[in-house]
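Participant: Kindly generate the complete structure, drawing on both the sequences and the hints.
Those protein sequence lines, which keep their order, are chains D and V.
If you count by the numbering used here, then the first sequence holds residues 1 to 327, one letter each, in order.
If you count by the numbering used here, then the second sequence holds residues 1 to 327, one letter each, in order.
To be clear, the hints were calculated from the coordinates, so they are not data collected in a lab.
It should be emphasised that the depicted structure is a prediction, and the values quoted were computed from it without experimental measurement.
Taking lysine-lysine and the BS3-like style, the derived pairs with C-alpha atoms no more than 25 angstroms apart in a straight line are:
hint: 1; chain 1: V; residue 1: K244; chain 2: V; residue 2: K288
hint: 2; chain 1: D; residue 1: K143; chain 2: V; residue 2: K143
hint: 3; chain 1: D; residue 1: K81; chain 2: D; residue 2: K232
hint: 4; chain 1: V; residue 1: K244; chain 2: D; residue 2: K112
hint: 5; chain 1: D; residue 1: K244; chain 2: V; residue 2: K143
hint: 6; chain 1: D; residue 1: K244; chain 2: D; residue 2: K82
hint: 7; chain 1: V; residue 1: K81; chain 2: V; residue 2: K232
hint: 8; chain 1: V; residue 1: K152; chain 2: V; residue 2: K247
hint: 9; chain 1: V; residue 1: K247; chain 2: D; residue 2: K112
hint: 10; chain 1: D; residue 1: K143; chain 2: V; residue 2: K112
hint: 11; chain 1: D; residue 1: K244; chain 2: D; residue 2: K29
hint: 12; chain 1: V; residue 1: K143; chain 2: D; residue 2: K148
hint: 13; chain 1: V; residue 1: K272; chain 2: V; residue 2: K228
hint: 14; chain 1: V; residue 1: K322; chain 2: D; residue 2: K244
hint: 15; chain 1: D; residue 1: K148; chain 2: D; residue 2: K165
hint: 16; chain 1: D; residue 1: K211; chain 2: D; residue 2: K143
hint: 17; chain 1: D; residue 1: K322; chain 2: V; residue 2: K244
hint: 18; chain 1: V; residue 1: K29; chain 2: V; residue 2: K244
hint: 19; chain 1: V; residue 1: K288; chain 2: V; residue 2: K232
hint: 20; chain 1: V; residue 1: K247; chain 2: D; residue 2: K143
hint: 21; chain 1: D; residue 1: K81; chain 2: V; residue 2: K29
hint: 22; chain 1: D; residue 1: K27; chain 2: D; residue 2: K247
hint: 23; chain 1: D; residue 1: K247; chain 2: D; residue 2: K143
hint: 24; chain 1: D; residue 1: K322; chain 2: V; residue 2: K232
hint: 25; chain 1: V; residue 1: K112; chain 2: D; residue 2: K244
hint: 26; chain 1: D; residue 1: K27; chain 2: V; residue 2: K81
hint: 27; chain 1: V; residue 1: K143; chain 2: D; residue 2: K112
hint: 28; chain 1: D; residue 1: K247; chain 2: V; residue 2: K143
hint: 29; chain 1: V; residue 1: K27; chain 2: D; residue 2: K81
Footprint (simulated), chain V over chain D, 3 or more residues, beta carbon under 8 angstroms:
hint: 30; segment: 44-51
hint: 31; segment: 225-239
hint: 32; segment: 307-313
If you want the footprint, here are the derived chain V segments under chain D, 3+ residues with CB under 8 angstroms:
hint: 33; segment: 45-57
hint: 34; segment: 89-100
hint: 35; segment: 122-135
hint: 36; segment: 140-150
hint: 37; segment: 229-242
hint: 38; segment: 308-319
Virtual Cβ for every residue (Gly too), placed ideally from N, Cα, C.
Protein chains: 2
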Amino acid sequence: MGKGAKGKGKKSGKKSGKQAGKVSSKKAKELETQAAEDEVIAAHEEAAVEEIQDVANALRVGKGFVLTDVDTSGTPGFSGKKLEGKAALKACEAELSDLLERLFAESTTGSKRSLLLVVQGMDTSGKGGIMRHVISVNPQGVKATGFKAPTKEELAHDFLWRIEKALPGAGQLGVFDRSHYEDVLIVRVHDVVPEAIWSRRYAQINAFERKAIAAGTTVIKVMTHISKDEQKARLMERLDRPDKYYKYNPGDVDERSHWGEYMEAYQAVLDKTSTVGAPWHVVPADRKWYARLAVQQLLLEALRGMNLQWPQADFDVEVEKKRLSAS
Amino acid sequence: MGKGAKGKGKKSGKKSGKQAGKVSSKKAKELETQAAEDEVIAAHEEAAVEEIQDVANALRVGKGFVLTDVDTSGTPGFSGKKLEGKAALKACEAELSDLLERLFAESTTGSKRSLLLVVQGMDTSGKGGIMRHVISVNPQGVKATGFKAPTKEELAHDFLWRIEKALPGAGQLGVFDRSHYEDVLIVRVHDVVPEAIWSRRYAQINAFERKAIAAGTTVIKVMTHISKDEQKARLMERLDRPDKYYKYNPGDVDERSHWGEYMEAYQAVLDKTSTVGAPWHVVPADRKWYARLAVQQLLLEALRGMNLQWPQADFDVEVEKKRLSAS
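Facilitator: Written as structure tokens, this is what we have:
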């Protein structure tokens, strides 16, 4: 038993019975650590925001971008370290939540605008963590879809059929965990369909995204980019922790032998589909805290640029106040 | 300009240009307030957990339950005040997230178990806040559905048709913001269908829920219960704040004249559908912080009772470690 837990038992006095019945000493210890971390992070919020520069600009993929030149452990556009990164993420949650509410509010008076975040990346690159730590501010206004290997029904349709159905509605934030880009990534690396078919898909994807943009959707595309070594470390952690076994699949190791081909396939995606309307952002993701902060900042940048206003009342406010008072 | 903002301007020195470009003085002030509140809440987490008693038991609807006897401003099962309530909610987030991950993990090895939270309550009773503040821990494992007035297509089917489609899949937490109970609440109050039809629905609902339970779903039903006066105050706030106009509908005032009939309809729901397998919980909701904490505790109680274990590895861990090392 650790010193903290022992101390607790001694101090508790008449409260001990009650406490013992509810919180085990292991749980209490976990809670103590969690509460201490929450406190330190909260104390750094204000200062940490100062460390945020223009993340979106630093990560945007333009002409001549070379994926293999990216330092996957970098933190472009942020000058702080891990603690500040977590604090900055926390500090910006309220604004993100506010802007997403404005986006939704706008749709109640007929606006068709929406936002779509596409997240692609190699296994273990932290896509799930982004869902949990960035997007969690507003589950109701969020339409999140995880794309797995296509079902029989999905395979019987064009590859964009299931994507179309998952697009966000007016006022929503859509989030794709993997996406239509799998159809030019894993499909290309493993020759799931002939080159004559997948090579046409880049243009089909661009046309599809143009249509979504024309319908009012702002599209943000993110590649969470880790090194091959970092992936090895993360897979090893899954094998070291029984609570992570469920995330491990022996096929993950086989896929590592295709790393170079995957990087080529990603480079082709960046070359062919980073358009002015729907540019890619390559997010260095060896540091999980940075990747989460970066994606949050990309969302914030897009939402701030939408100039979202609360809709005008479509009723007479003073009349309604009187009616309500009398009710 | 407030004192805080002025002081900031003076202190800033060479940082001022950078800061001015990013954070307006109004935003900085908001951030300061938010950060200060986060800090105070974090500091109270450990102590606040001690104030949680058996919330689920205190709120469960049994035989002879009388809705109009409930104190809508009470905090059954919790001995703290607002600050402790917010701190307790924060402190329990990690456990809720962990248990939901276990539920999901279990489904990867074939378990069909899932959880369904049904939230019903009068307008402004805080259903949306529960979504944002309680459920937000894990948007990916969550299937949230807000039920609005039925569409033409939905009306062409049995009332449970759209509900069935929204049930959680294996490993998921399903959340209903409004539900099939609307079909014996607003429908009953406004005679949308004849009594001969709605009066049969209670038994149909019980049968439907029994089927879901048999398929592996744990069902938690919650009524967020506010007083008529509290509703008036909340609607008035919407009329006082331009950022809340979008939530206001003149029809809301008309509905208030049916308050008594709604309470009768809710009483009938509690009498007829609070079953052993799927009991109702009436959550006093005049205090938003309490309603959120209470629903979180109901979820925790259900999940703790499921004895969720991390699945065993279905591969040889040592073999995989060697393969991974060599990759």
